[in-house]
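K.L.:
Please put together the full structure from these sequences, using the hints given.
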Amino acid sequence: METGKLIQQLGKHKGTSNSSALRSNVGCISVTPEASSAFFTALKEDFAFDHCSLISAVDNQSGFELVYHFSIVGESGQMLEVHVDLPRDTPTIDSITHLWGGADWHEREAYDLMGIYFIGHPDLKRVLLPDGFAGHPLRKDYVYEIHEEEW
Amino acid sequence: MSRQQVRGNPRMRRGLGSRTSDPTTMMEDPPSGDWLTLRSDQFLKWVDDAVYNIAEQTGIRDVVNRVTRPIFNWALRYSPWPLHFGIMCCALEMGAAGGPDHDSERMGVVYRSSPRQCDILIVNGPVCEKLRPKLKTLYEQMADPKWVIAMGECAIGGGPYWDSYSVVAGADTFIPVDVYIPGCPVRPEALMHGFLTLQKKIREQEPGYFLRR
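Here the protein sequences come in this chain order: A and B. First residue of the first sequence? That's 40 in my numbering, and the numbers climb one at a time after it. First residue of the second sequence? That's 10 in my numbering, and the numbers climb one at a time after it.
Read the hints as simulated data drawn from the structure, not as lab findings. Beta carbons are placed, not taken as given, at the ideal position from N, Cα and C, and that holds for glycine. Wrong hints could be hidden among the right ones.
Calculated cross-link-like contacts (lysine-lysine; reagent style DSBU-like; alpha-carbon spacing at most 30 angstroms) [what the hints assert, rightly or not]:
#1 A:K164 - B:K139
#2 B:K54 - B:K209
#3 A:K164 - B:K145
#4 B:K139 - B:K155
#5 A:K179 - B:K209
#6 B:K145 - B:K209
#7 B:K143 - A:K164
#8 B:K155 - B:K145
Each pair of labels, with its calculated beta carbon distance range [to be verified]:
#9 A:D124 - B:S123: 37 to 47 angstroms
#10 A:E84 - B:C98: 53 to 63 angstroms
#11 B:T146 - A:H90: 35 to 45 angstroms
P.N.:
Laid out in structure tokens, this is it:
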């Protein structure tokens, strides 16, 4: 499917906005967290996006932003960027692990370092930092003061 | 049956004497001088002490050490087997030092994959909080005598990550380090020099091994 056509069809879904084509086979779209679950299900089942490349979390002071990258493994090489804005006080979103198994550790990493809670994740615990670590260090308001006294 | 009930059982108390206050610690050290109740480890320690004292007081230990020390020390110096353990980019330099250009094997440096067979632990990278207990376990699993080389800035003092939330500021905060090799990353020549420095250290400091205490 051509990118423009894909973007047009995806833009008809509930809760989507700002759909555009970034490059010849890369599309970009924003979704609200409430509509994300239905949108991702449609992405997997109707549009055959069979690979979740990465999930990255961004801290924009006012709130968090999740950036999903999906792709179709095949000749078309179609890619899609999905932006989801989350409020700062309740950074929660539905997990997509049941759709793409590879999203499991991406979500754990986003939880570990940025403190975003994925509802329905089978095993949401820290993946990089040791258990019992306090806080989420990649947040902008994270303060680490242990070395201050030594120097 | 709880522990309290056992303690309160009069038959138990009468049968085993006053030492059975707790069923889990029924085996106690025998009173001193009680030869018949020595446990096997106590017996071994007694034999060890006796042999050591005799060898020490008659001067035999010194004599044997004087003969065997150069031999053992030479063997020790030229077979320092490091653990094949890489953390970050210095591990590549470690590989380069073992390659044909620098060939650290000519000094007997053979990388082994099991800590039980190793003498040297090369810490070649930043140690993060999650790695620290594992690295400590590796160090403790190595058989004596053992040495530690801190290779590169990260292992010496945290390097560029000294202020990080998850990186330990230096390997010497949790294990004793013998040789520090500065560099970022350490060049293979510098690592070779570190091995030579360790050789010198072994030659100067290691005592004999006969009845070592």
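K.L.:
Would you list, in rising numerical order, the hints stated earlier that this structure does not obey?
P.N.:
When the structure is compared with the hints, numbers 2, 5, 9 and 10 turn out to be violated.
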